[in-house]
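Take a look at the letters that make up each chain.
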Amino acid sequence: MDITQLLFIFTLAAFLGLELIAKVPSQLHTPLMSGSNAISGITIVGALLAVTNGEGQAIHIIGFIAVVLATVNVVGGYVVTDRMLAMFKKKGDK
Amino acid sequence: MNALLSSTNAIAAMSGIFGLNIKLIDIAYIVSSIFFIFGIKMLGKADTARRGNMVSSIGMLIAVVATLLYSGLDYTWIIAGIIIGAAIGVVAAKMVKMTSMPELVALFNGFGGLASLLVGWAEYERIKGFGWEGYLAHTQGEFYFSNIVIWLTLWIGGITFTGSILAYLKLSAKISGSAICFKGQKAFNALLALAMVAALVAMCMLPLETAYPVMIAVIALALLLGIFGVLPIGGGDMPVVISLLNSFSGLAAAAAGFTIANTVLIVSGCLVGASGFILTIIMCKAMNRTLANVLFSGFGATDEGSAKVEGEMKAASIEDAYYVLEAARSVVIIPGYGMAVAQAQHAVKELGTMLEANGAEVRYAIHPVAGRMPGHMNVLLAEADVPYEQLAEMDSVNPMMEMVDVALVIGANDVVNPAAVEDPGCPIYGMPIIEAYKARTVFALKRGKGAGFSGLVNKLYFLEKTRMLYGDAKATVSELAGMFKDK
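If you read the sequences in order, they're chains A and B.
Quick note on numbering: the first sequence equals residues 1 to 94 in our numbering.
Quick note on numbering: the second sequence equals residues 1 to 487 in our numbering.
I should point out that these hints are in silico values taken from the structure, not numbers from a laboratory.
Take the hints with a grain of salt, since some may be wrong.
[As the list claims (entries may be wrong)] Some chain B residues well away from chain A (every beta-carbon gap over 10 Å; in silico):
(1) Ala254
(2) Ile282
(3) Gly425
[What the hints assert, rightly or not] Restraint-style ranges between C-beta atoms, simulated for each label pair:
(4) B:Gly430 - A:Thr4: 40 to 50 Å
(5) B:Gly430 - A:Gly56: 37 to 47 Å
(6) B:Ser100 - A:Asp2: 21 to 31 Å
(7) A:Gly56 - B:Ala80: 11 to 21 Å
Glycine included, every Cβ here is placed at the ideal spot set by N, Cα and C.
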């Protein structure tokens, strides 16, 4: 894809992100952080694309390690965020 | 619009299967981005937060499944990697104590950064395999752009990794939490950064065989920068550092997205970068300091703030505290990092319930930077089932502080230090605090007599109305609660 298009997407996403998160109550700061942390594990997509057949040993190994690390980030991040938010939720139900 | 939909990807180009499959994958990426956007939006509101997290995880699932549709992937290793990673992630996330949450978030964050770094590295291996000409022809890429974004990916990813690991070590007290400075540190870091820029130039100028070791050097430099960047930052500033590293992990993913020309990486990485950035700014504002000041001042490593304080700290027995609390009609509990260290949140909640049963009005005043990550105290008190209505933010609790009978400071230090209001010479002057010193009586729970994490003397402890309760916060609070029970 054209480089300027990628930069365009990036710029729009940055403004969107700033708008989305501008007003978050402080009790949600930790879940927001660990939840967005899980999203940053999206790099797993890049990692998956490195674990290919026939591109040489080096890429394969690097990609595999990246998949493991990114999966820890993604799965761990979502589970721990859910655990936290479950505690918050109890209050509302009472 | 069509141009937007048809992303070119190295693998897609190499495997030569343009057409429906690739379009399908790109559309799935758009759907996944929408899930992320809604997920983050919902995460920002208390009643939808949990569903928001779910929505965002579905977005992630869509992105992963779509990616697996690319041909040429080695599924055996991919599945093995995912199983191993998921097992580690689930176990860590389920086992961790709520008090250790900042460490775990830092650790996960570091893994994400390292993964992005590896994505950049793998792409460079790919370039090495194809040669620049072949690679650029396949990806319709641009030489300088590719070099810059790979360099950025390695740089940001590396800093995120070692920076987070160092934050983890500091938070879990495996190394000293205070700021560690050495002579010429700033010059050393500046030198590292300069070397980094020089390496980029070299990567662009040198032939591929000689540029490859330079790329490896960039990785090494990035890892060093992460270590030496976080080393001089003290434990009390960790909420800022963790937010910033969180932002970096997103930016690293976005940079990796540029490297492999993948839109979903760019969009979601950028969203995370923005959210981390906002949290960073909020945390800095809560301390009335600039980001540059937090990062480069080596705060707390010097003893400039330990001005002479008149008076002495007066200790009180738990019985004394009990009698005062027993008579109190309104109590404000101010928790800090000490409560997390002592894991006293359940005991604190029990005491709070006892005080209420005794007819007192109980509130928990939470400073934005209390603890070691944004919202740290909220998480702990939520774990202990403290009703949400009893949690008060700094701005709402300060105006009524003068009517409060007892301010119970549990392991908080700088966030209640009146020097921030009174003493222009004090390093934290200007930082908004919870004005515990205005309460009629103050009880401060503290492990020992030393200065806090920041190394500052807390004037609150020397006030006439303040009494110190030394010892383990959990033991002290439990004992107090027990006395109410036995009454």
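Structure-based check of all given hints:
Not every beta carbon of chain A lies more than 10 Å from that of Ala254 of chain B, the smallest distance being close to 6 Å; the non-interface claim is violated. The beta carbon of Ile282 of chain B sits about 8 Å from the closest Cβ of chain A, which is not more than 10 Å, so the claim that it is off the interface is violated. Taking the minimum C-beta to C-beta distance to chain A, about 30 Å, the non-interface status of Gly425 of chain B holds against the 10 Å cut. Distance hint check: the CB atoms of Gly430 of chain B and Thr4 of chain A are about 43 Å apart, consistent with the given range 40 to 50 Å.
Checked against the given bound of 37 to 47 Å, the beta carbons of Gly430 of chain B and Gly56 of chain A, roughly 57 Å apart, lie outside it. In this structure the supplied range 21 to 31 Å is violated for Ser100 of chain B paired with Asp2 of chain A, their Cβ-Cβ distance being about 46 Å. The hinted range of 11 to 21 Å is satisfied by Gly56 of chain A and Ala80 of chain B, whose Cβ atoms lie roughly 19 Å apart.
Checked against the numbered hints above, the structure breaks hints 1, 2, 5 and 6 and satisfies the rest.
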